[in-house]
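Visitor: Take a look at the letters that make up each chain.
2 protein chains.
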Amino acid sequence: MDGAPPPPSPAGLSAYVAVSQLLGLTLLATTGAWLGRYRGGVAWHSPLQFNAHPLCMVLAMVFLQGDGEPQSLQLCWAGNGGDTALAKDTGKVHQRPRAAPALLVYRVFRHEAKRSTKALHALLHGLALVIALVGIIAVFKSHRTKGIPDMYSLHSWCGMATFVLYLLQWFLGCGFFLFPGASFSLRGWYKPLHIFFGITLFILSITSCLLGITEMLLFKISDSYSHFVPEGILANTLGVLLVAFGLVVGYVLTREEWKRPPLAEELALSMDFKTLTEGESPGGGSQ
Amino acid sequence: MDGAPPPPSPAGLSAYVAVSQLLGLTLLATTGAWLGRYRGGVAWHSPLQFNAHPLCMVLAMVFLQGDGEPQSLQLCWAGNGGDTALAKDTGKVHQRPRAAPALLVYRVFRHEAKRSTKALHALLHGLALVIALVGIIAVFKSHRTKGIPDMYSLHSWCGMATFVLYLLQWFLGCGFFLFPGASFSLRGWYKPLHIFFGITLFILSITSCLLGITEMLLFKISDSYSHFVPEGILANTLGVLLVAFGLVVGYVLTREEWKRPPLAEELALSMDFKTLTEGESPGGGSQ
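Line by line, the protein sequences give chains Z and C.
Quick note, in the working numbering, the first sequence goes up one by one and the last residue is 434.
Quick note, in the working numbering, the second sequence goes up one by one and the last residue is 434.
So here's chain Z without its partners, still in its complex pose:
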């Protein structure tokens, strides 16, 4: 892509991104430590099959979703305030991000074509969906083996609703933004909803994990939990780490100064488009 080199990242952003990644890896390690040290580890064809559930869900619905989320915002943050641009190569009108957080994934792929970045974003969330599905299968199969009913708890209600909406969000995201066909006005209408539900589903995923931790502790160590046993403290710490990961990712995503300023070429294209469409409503444009 031509144009001036991108400006350096804002002060502090890299540190926050590093902290988020460190927290993400720590919470994965803590989940592994809990399951390995106190719950006998993970094995598919055994009574330990259930343990694949927390491991898969934390990995997929928190770590991978959190790392994919910033890219989502990079692609979609613009909402209704984004710069509308006319692509040089295709002549098609599309919405460019007005501003976006420049997280690690974004900076790695900032010189790639927009379509490739979108595909990677969809791929990351798709991978999260597949791993989460494995985690859900694990708990249903484990319940069947042990004769435990499904879907009676608040954790299961929240978790399943989150997964189904996340799957729906993925399909809608692909349909609106990745594959051709959706009109400019339709994309502009859906974009802010995609962003809002992206962040909401990330928060709901963390909430569902906290509910799952509480359930598991009260099922497994209800007699000793109130005596501050190491397993209880470790699992509570995992809960705190999940909240901290959500906080840092959420802060990086929403901090005003860390949104990506439009590049010079985007501003120029935006001006061109403004001249072309003067007097027209942005929602009224066609693809």
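For the record, the hints were derived by calculation from the structure and aren't laboratory data.
Please read all numbers here as calculations on a predicted model, not as lab measurements.
Where hints are given, some of them may not hold.
[Stated by the list, open to error] Derived BS3-like pairs (lysine-lysine); straight-line CA-CA distance at most 27 Å:
id, chain 1, residue 1, chain 2, residue 2
1, Z, K293, Z, K367
2, Z, K293, C, K367
3, C, K367, C, K265
4, C, K367, Z, K367
5, C, K293, Z, K367
6, C, K367, C, K288
7, Z, K367, Z, K265
Take the given structure of chain Z and dock chain C to it, following the hints.
Guide: Leaving out everything else, chain C in the frame of chain Z:
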């Protein structure tokens, strides 16, 4: 206050506000129904003292905080992108909201002086803090009576952290925005943090309530919960209502089109101030 009459509310906003209030009242009624129908009701000097805890926390940390939150955003949404204005009456420089959601409380008090609106905002959150404190005292006293240890569960860790940070946010909010003394630059620095933590604490409050519901169900009906007994379904529904309330309030607060546009007089004052401070950084201004 002089100036043109405010423009009408955006389409759909009133409906969302009405839904949020309906959800808020429904979740209070559901909490009351759960405690009254299945948990023997609420009484302070009795074994039912514990039941004051969920009632106070849902009322204070979800319903009142959620209703106070939009006002917080009305006052503080501007962040770094707000219009800087020179007040006609006092000659003091201060930051006006660039855009803010016009919720019921805001529309009721939109013609009041800014200081009165701030005071009401602080009062609402202060009332929430007092009621939440009563709820916390209830659980500590109940634990002491029954010989149950305190602060061992993830619910207690999340809940107490949320309450302490909410109290801190209230004191900082009063110190920075309600009482004179904080400089313009200091207020400008703190404002986006106040907004971010305001929304974060609202989300954490709902999460803590969900954890509390799960704990209470597994303590009280662990044998029958998996058989889809009415109490379990009612309490799960309360959890879903809490999530729905958070979703609707969060959507109203963050929807771009529903932020309050600056009034004509604010724009004019902003221009005046821009002329006065040309070349200066907004952060460099004095109180």
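Visitor: Does the structure break any of the earlier hints, and which numbers would those be?
Guide: 3, 7
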